[in-house]
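Undergrad: Protein chains in written order, with this note's numbering: chain A, 1 to 455; chain B, 1001 to 1238.
Derived from the structure by calculation, the hints contain no laboratory data. Computed from a prediction, not measured in an experiment: that's the story for all the values here. C-beta: ideal position from N, C-alpha, C; glycine also. Some hints here could point you the wrong way.
What the hints assert, rightly or not - Partner residues aside, some chain A positions facing chain B, computed with beta carbon under 7 Å:
hint, residue
1, Y201
2, C211
3, D355
4, A358
The primary structure of each chain is shown beneath.
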Amino acid sequence: MKKIRFFIAMLAGKITLFGLKLLGRNATFLPGKIAVAIDKNFLAGLTPPKTVIAVTGTNGKTTVSNLLNSILLSNGYSVTNNSLGSNVQAGVATALLEDSTLTGKAKKEIAVLEVDERSSLRIYPYLKPDYLICNNIMRDSLARNAHTEFISFIINKALPKSTKVILNADDLVCATLAPGNQERIYFGLDVDKIHEEGPLYLQDIVYCPHCGGLLTPEYLRYNHIGRMHCEKCDFRSPEPDFAITEINKDENKFTVMHNGISESYYLINDNIVNLYNFCGLIALLSTMGLSHKQISDGFAKSKIVKTRYDKLQSGDLTITMQLSKGQNPTACARCFSYVAKCPGNNKAIIFVGDDFEASESPCWFYDSNYSYLADPSINQIIFSGPRCMDQYLRAQMAGIPTDKIRTITDSTAGTELLDTQLSKDIYVLYGPYMVKQANLVKEKLIAIGAGGEDK
Amino acid sequence: MIVEILFQEVCGLYGDSQNPTYLEATLPDAQFIYTKLTDVPYFVNNTPDIIYIGCMSESTQRRVIETLRPYKDRICTLIDNGTPILATGNAGEIFTKTISYVSENIETEGLGIFDLQVKTDLFNRYNAMVLGELNDIKIVGFRSQFSFLYGDNSNSYFIKCIRGDGINPESKLEGMRKNNLICTQLLGPILPLNPLFCEYFLGLAGVQATAAYRESAMNAYEQRLREFSDPKIPFKHD
Ligand SMILES: [Zn+2]
Chain A
1 MKKIRFFIAM LAGKITLFGL KLLGRNATFL PGKIAVAIDK NFLAGLTPPK
51 TVIAVTGTNG KTTVSNLLNS ILLSNGYSVT NNSLGSNVQA GVATALLEDS
101 TLTGKAKKEI AVLEVDERSS LRIYPYLKPD YLICNNIMRD SLARNAHTEF
151 ISFIINKALP KSTKVILNAD DLVCATLAPG NQERIYFGLD VDKIHEEGPL
201 YLQDIVYCPH CGGLLTPEYL RYNHIGRMHC EKCDFRSPEP DFAITEINKD
251 ENKFTVMHNG ISESYYLIND NIVNLYNFCG LIALLSTMGL SHKQISDGFA
301 KSKIVKTRYD KLQSGDLTIT MQLSKGQNPT ACARCFSYVA KCPGNNKAII
351 FVGDDFEASE SPCWFYDSNY SYLADPSINQ IIFSGPRCMD QYLRAQMAGI
401 PTDKIRTITD STAGTELLDT QLSKDIYVLY GPYMVKQANL VKEKLIAIGA
451 GGEDK
Chain B
1001 MIVEILFQEV CGLYGDSQNP TYLEATLPDA QFIYTKLTDV PYFVNNTPDI
1051 IYIGCMSEST QRRVIETLRP YKDRICTLID NGTPILATGN AGEIFTKTIS
1101 YVSENIETEG LGIFDLQVKT DLFNRYNAMV LGELNDIKIV GFRSQFSFLY
1151 GDNSNSYFIK CIRGDGINPE SKLEGMRKNN LICTQLLGPI LPLNPLFCEY
1201 FLGLAGVQAT AAYRESAMNA YEQRLREFSD PKIPFKHD
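Using the sequences and the hints given, assemble the complete structure.
TA: Structure, rendered in structure tokens:
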């Protein structure tokens, strides 16, 4: 009976997949949804690929799973992955059923599965990952993800004890994940230990999880990312097994130390969240047995997809398109910090604000560190979209001079307020649901740069 | 004027941490005392003019209750004497009788100021908006919570809901109030989002202050009020 149910679910999933493809539609969710609706143990019924890797964490999981996929493919492995689709149970099921035989046997060697943290309970009990890589656990959408303790609670409840965990040593919420899992590999950044301690209220771990004492930071890069120890007991941030020890931006290289040996890799992007992503990837791939050459050749062939980051020139305007995940206060603050630190002294930021039909909650603006935007190198800030007045107030509260701020309700009209005499470096920040509108803004900027609409 | 902010290092989730920032901007001459969870609260031996506490995780909530339990009598005295206390999000729950954390199988006794029970279920998140009325002031706010309150708050509520739910989906009376202790499940930057309420709350402390950045705060508030009054805008969301 169990087998028949599974077979019907597989068949229905495959037919849906075939039908959607025939119609030229995206098949990243529905086939899996149907299969799981027919057989709730569908994932458990599959014979999964030899190696199953789960990629999870608040920020960077799409980048990590994309890179992981491309490095493994470039080394000749066959890989199933859901990086183009959905990262909830139905998306994982869709990716796996697509690459399975009708009896559920995997046709590929490795599965790279991006897993939304909240979906852990619907995935890991059925499909036991061999490896789980988690880059960070930070505050995220408050409506869906609540707080970091909740996310840890869910992952810990779901993850099998046998899974090898690859964790960020510089994030104590992440590093203390899955306490029952014996095989633990830590990665971190042993370089640029800049103590950029932000407000204490943005730290998601303040007290010792063992004794409750106040944790003392050795340094904190942002939020709770850094190294801390407890004064009352011996609890401290774990030592990284893989650590970035050098970053050479001029030569696009970075160095990773492991077991006393330093090896160099191609630097695709120097955003700090990405440096952690890269180090985590190297830790994982090395643990899986890939050689330095295999990994570094893979890095050299990879890049970050253009929908997340893109830089172009139009006339004397430099246009940087940067995905800045709405509702996610830490991801946005990272983008603000990145823009502030980029070279140049006449930057403008255009926020392509979400234009949801509902009256969006602005609470997350207040959970994000807007003070980075007060950097003197940023001389124009344009908030567009229905929440522009909320953004204005939030920015004002963060100490940004109001003569730098402009607002406009239309999410695609930010360029109308831009003074190109003041700024030549234009950064466009937009959420994942606003790619289309952001591209429209990009086109307008290209036209302005080319002199078509000079203002 | 002295404002005590309780445990902000762990009670500042969801943007609640910016309520004290807004108060600081509104009351530039006031002294702000940020009490850590490991400190003896200032109110134990002194009388602050205002006390604020914001949103926290469930395990922090249990620790906060145990931290405050020895000072329960002092807290009752402050409430009886009319000290303005504002608790946002799930902070107000510490003043109820019991909290059942059903998904963790834990039951905790609260400080018992309000004869209400809390049920917290980590597998059910509730996200919604509220448009309510406090005397003639309209309150706009957002909630994202694992918990509902049960019991009778008909003589001890914060606002009457025009749209949205009260302490639970069957209630139209939001929050809890005793003298100047105001507890609301609305979370986040409730003061900058409601400059009129901010001025009202400060009035309870005998201060006639103008809310900080009043013009931009009022612009955002009035726009939200228009949106919340639009019947096409849904009040519950994922
Ligand atoms: Zn300790």
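Undergrad: Of the hints stated earlier, which fail here?
TA: 2 and 3
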